[in-house]
Structures are given as structure tokens and as C-alpha cells.
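Here the protein sequences line up with chains Y and H, keeping their order.
Oh and the first sequence: position 112 is 1108 in the numbering used here, straight run, nothing missing.
Oh and the second sequence: position 217 is 403 in the numbering used here, straight run, nothing missing.
Do not take every clue at face value.
Each computed DSSO-like pair below joins lysine-lysine, with the alpha-carbon atoms no more than 30 Å apart [what the hints assert, rightly or not]:
{"#": "1", "chain 1": "H", "residue 1": "Lys344", "chain 2": "Y", "residue 2": "Lys1051"}
{"#": "2", "chain 1": "H", "residue 1": "Lys321", "chain 2": "Y", "residue 2": "Lys1051"}
{"#": "3", "chain 1": "Y", "residue 1": "Lys1246", "chain 2": "H", "residue 2": "Lys285"}
{"#": "4", "chain 1": "Y", "residue 1": "Lys1075", "chain 2": "H", "residue 2": "Lys421"}
{"#": "5", "chain 1": "H", "residue 1": "Lys313", "chain 2": "H", "residue 2": "Lys344"}
{"#": "6", "chain 1": "H", "residue 1": "Lys360", "chain 2": "Y", "residue 2": "Lys1015"}
{"#": "7", "chain 1": "H", "residue 1": "Lys360", "chain 2": "Y", "residue 2": "Lys1018"}
{"#": "8", "chain 1": "H", "residue 1": "Lys421", "chain 2": "H", "residue 2": "Lys375"}
{"#": "9", "chain 1": "Y", "residue 1": "Lys1000", "chain 2": "Y", "residue 2": "Lys1120"}
In short, the hints are calculated from the structure, not lab data.
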Amino acid sequence: MKRKSTSVRIEASREAVEKVLKDVPSFVTNWPYVVRVSTRNGLTAEIMLPRFLFKFRDVYRFEHHSDYSSYIYDGRGEKSHLTLVVTLKQWQKGVEAALELSYSGRGEFWLGKTLQDLVEGIGKSLRELAESEQGATNDIPQSSGDVAIHVDFSDPMSVANFLAKSRMVHGGLHVIGNGGLFDLVGELRGTMRDRILYISGVTSDGTSSFKVLLDGSRILAIEYRGPEGVEVIKVEGDEDARKAAEIAAKISGPYMVNVWVPIGGV
Amino acid sequence: MIRNMNSYPLYDDGEHKVYWLGIEESEEERGILTNQYLVVDGNEAALVEPGGFFVFSRVLRNVSSIVPPTQIKYLLYSHQDPDVVAGLNLWFEYAPLAKLVISDLWVRFIPHLAVLSAGRTIGIPDKGADFKLGKSIIKAVPSHYLHSPGNFSFYDEKSGILFSSDIGAAAFSKDEWYLFVEDFEDHIKHMEGFHRRYMSSTKALRAWVRHVRKLKPKVIAPQHGAIFRDEHVGKFLDWLESLEVGIDVFEKEFYGE
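Given only the sequences and the hints, what does the whole structure look like? Please build it.
Structure (C-alpha cells):
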């Protein structure tokens, strides 16, 4: 028998994590390498474990057991047996889940790395599903103006929510001089009355890009991707505002620039 | 609700890779889940059927775990349905160097998605076109009237995968989902109703099948439902060739004798 384990920290409530673990068909569907799920006669899942050029395929019939802190998923296949045990520990701001996967049967001596990938992938899926569950609970419809305040470039969905309620009003090539981002903003403001502007730019080779959200001349959020990495600031205080201005000062050169403005609605 | 947040590799020869990018179902989709695909060749990528707003987060995360979105050269849209194009303004920003590729017929509608797309849109002529991706070619294959009047499938020559738009779409029941078709006869019941009603013309369908047979695809990957490979590719094309669809089936029902 091969055993592989991992643990993940999840920024969500214990209830959100348990909701994911108790919805067994949905949880198993999100395991890596799962290519078929049926709940017609109990839960069965087909899993294709890749190793080199081979794929070890089996159909597992799952049984699920749980107690106060552990969730067990016992899958019996025709050629192999797979068991996952998830143990939860609650922390102040989240949950730690310890996952142990055991596998016996066909290909077990070959599949060590694949099984490690599988258990780590299951942990990643658990974290993402639980955190999105938490996010869904917290989601409240907001007007386009409110959405702008919540834009954080480290959270693509906050940007997507803003763009979904915006329209693009300008696109073109601009050469930004050293420390000249606000010269560009001034130039754009000459033709646009909107207080809130979302401006993005990318160089022609894609090696540098920026996104900046402005309320008047105040930076609400900024992201700069350059050769040295990514810098992201969501401005919530004076120190953030100072750092955002420093990042803005670094942006220079020829950029393809897009400008978006909110169009209202919820 | 069916939801799979993971990507799955469909082809990988080291230089050229193709991924299926997961699925999730909105309350209203009633089992018709949308598939998105990513083709990567060297340092260039093409996102096939990028999808609507509510799948954006998953698709972006899965794409970003494979390539930086700035390496996306093409956003390939088979037609103009909302479940294909509704996230266009988001991808416009997150894949800032990508060109939007869609039938010439739909180019004039793109500004209605609130983007200024001039210079970033490639209208595909009715006869189709080739798109160079790294050292590989993706062919836009005419699929007009199946179901949209300006419709294309995309054929990735290197992997032999044909991204077939809505052709091959299947609606799963609540208690089942699978990525690959394993039992073709059983799978027909998930496809038949959709094809009869959504596909416009039997003649168009048969012309498409004839053309696709010449390409000899190894895999057919639709925008909804499960993927056909191995012997199921041939079975699927045979089934399509024998199918009556659209106005040829429904004329009397719609308009009477």
C-alpha cells in the first residue's frame, strides 16, 4: 500500500469546509484525474492516474463516513483500492485540513509521484471550493460605484465585477515619460468627465503591464508587472497611498493603454 | 450542481499542449455545461471558447497555472452565443495582447460588449482561415448554420483535436458527468434533442461531416458535453451523417401543413 499526505490552510469557516466535504459527489468530481462521475447507484467515479506514457484507469465505488473531525472517502475499484481521510483542525481565522491518501492495487509501485500530485490536488480543490463557498456567502450585489471601491488587483473577480459594469472608452498607444503616468491621466481627463477611471497598459512584448484605478487623482488600487515581478497595492491608508504613488512613478515607456469607466447598475 | 475546477491535459508532446479547463453549471444551464480549452505551442497560447462571466474566475485561474495570460495570442470564438462571448470584455483586459477571432458576420456586434475592439479583432471569412500559433497551425473550419449562420470549428493540426463548437454538444442528467465518451450508444440520448432543435439544416450538417472526415481528427471536443476520441470519433460522424435536424424536422410542427 502507498500512503501520501499533505495539509492545506483554508481561509474559510469550518462550516464552509464541511459543506464541501459533505457534498461527496461534488467534492470527488473536483479531484484531479477524475473523468466520470455517476450517482445513479451510489457514487461511482472513474479516475485515470497518469504515469509516464501510461494511464492507470479504474472505476471506484465510493462510501463516505465521518465523525467529529474526520471525513473518510473509501473507493473500491476493480483493480485497486483508494482511501482518502481528511482531518480538520480549526484555527482562529480558518481551518487546517490534513489529507492522507492510501492506494493499493494496480500500478502502486509506479504511482508514487502521481498519488502525491493527486492528494495535493485534492487539497487545493478543497481549499478553493471552501473559499469560494465562503465568498458566495459574503457576496452582496453592489452598484458600479461601490464595486470600484472594492477592486483589488490581487483578486481578479473584484476586477471582473467592475469590468462587467463598465465600458471601454479609450484604447491606444501612449508613450509614458519617466514618472509621467499622471501626465497621461491628465491628458485622458481632458476628454473624459468620469471621476472613476480604470486604466490598464501593456507593452507590445507583454513583459510589462499595469492596472490602476483612480477616483479623481486618488489611486484606489494599482498593479505593476515588470521584469522584476509583480507589485500590487489596494489603497486603504496613507502608507498604501505612498507605496501606490511609488509604483506609479516606475511606469514608463510605450504602452497599449485601455481606459474603462463605470456605467452604473447593480 | 456539477462543478469541476481542475484542468485536464488532452495532449502533450513537450512543445505543444492542449488542456480542457474544467466545468461548472449555473442554475439555469440545465445540464448544458460549457467547456473551455487552451492550446499552447512554445510561448504562444490560444484560448478556445473563453466563456461567460461566471466561469471567468475558474478559467483564468486554470489558464494562469499553465501560461501567463499575456502569452495568449488568440481568443477563439466559434460563434456569438452569450455562453461563448459574454466574458469577452474581461478577457480583453486579462489577455491584453490577444486578438479576438470570430466570424466576419459577428465583428460588428463586438462593440455591443462594451469594448473598443478595432485593431484587436480578426474577422474570419466564410471559407475559413489558418492561424499560426508558435510553430503550429489552427484552422478555422466553416461550420455555418450549425447552429449559428456564422459559425466555425477550430482544428489544431498538431494534436489532431477538432474543437467543434456546439456540434457534439450533450446535456447531462443531474446524476452524471463524464469527460470522455465511453459508451456512444448511451451518449446519443444526451445529444439527440439538442442537435435536432439547435442545428438548422441537415444539408449543412452533412457538408460539415464530409469536410471533417477529410481532416481525420483524432479527437472531437465540443463546447458542451463530453469529448469523442478513438473509435468514437468515427461513430459520432456516422451518427451526425444519419441525423435529420432543424427546419427539415420541425417545418410542419412550426408552420402546420
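Here is what the structure says about each hint:
1. Lys344/H with Lys1051/Y: 21 Å, holds
2. Lys321/H with Lys1051/Y: Status holds; Cα separation ~28 Å.
3. Lys1246/Y with Lys285/H: OK: Lys1246/Y and Lys285/H at ~28 Å, within 30 Å.
4. Lys1075/Y with Lys421/H: Since the Cα atoms of Lys1075/Y and Lys421/H sit roughly 29 Å apart, the hinted pair holds (cutoff 30 Å).
5. Lys313/H with Lys344/H: 21 Å, holds
6. Lys360/H with Lys1015/Y: 19 Å, holds
7. Lys360/H with Lys1018/Y: 18 Å, holds
8. Lys421/H with Lys375/H: The hint holds at about 14 Å.
9. Lys1000/Y with Lys1120/Y: Status holds; Cα separation ~15 Å.
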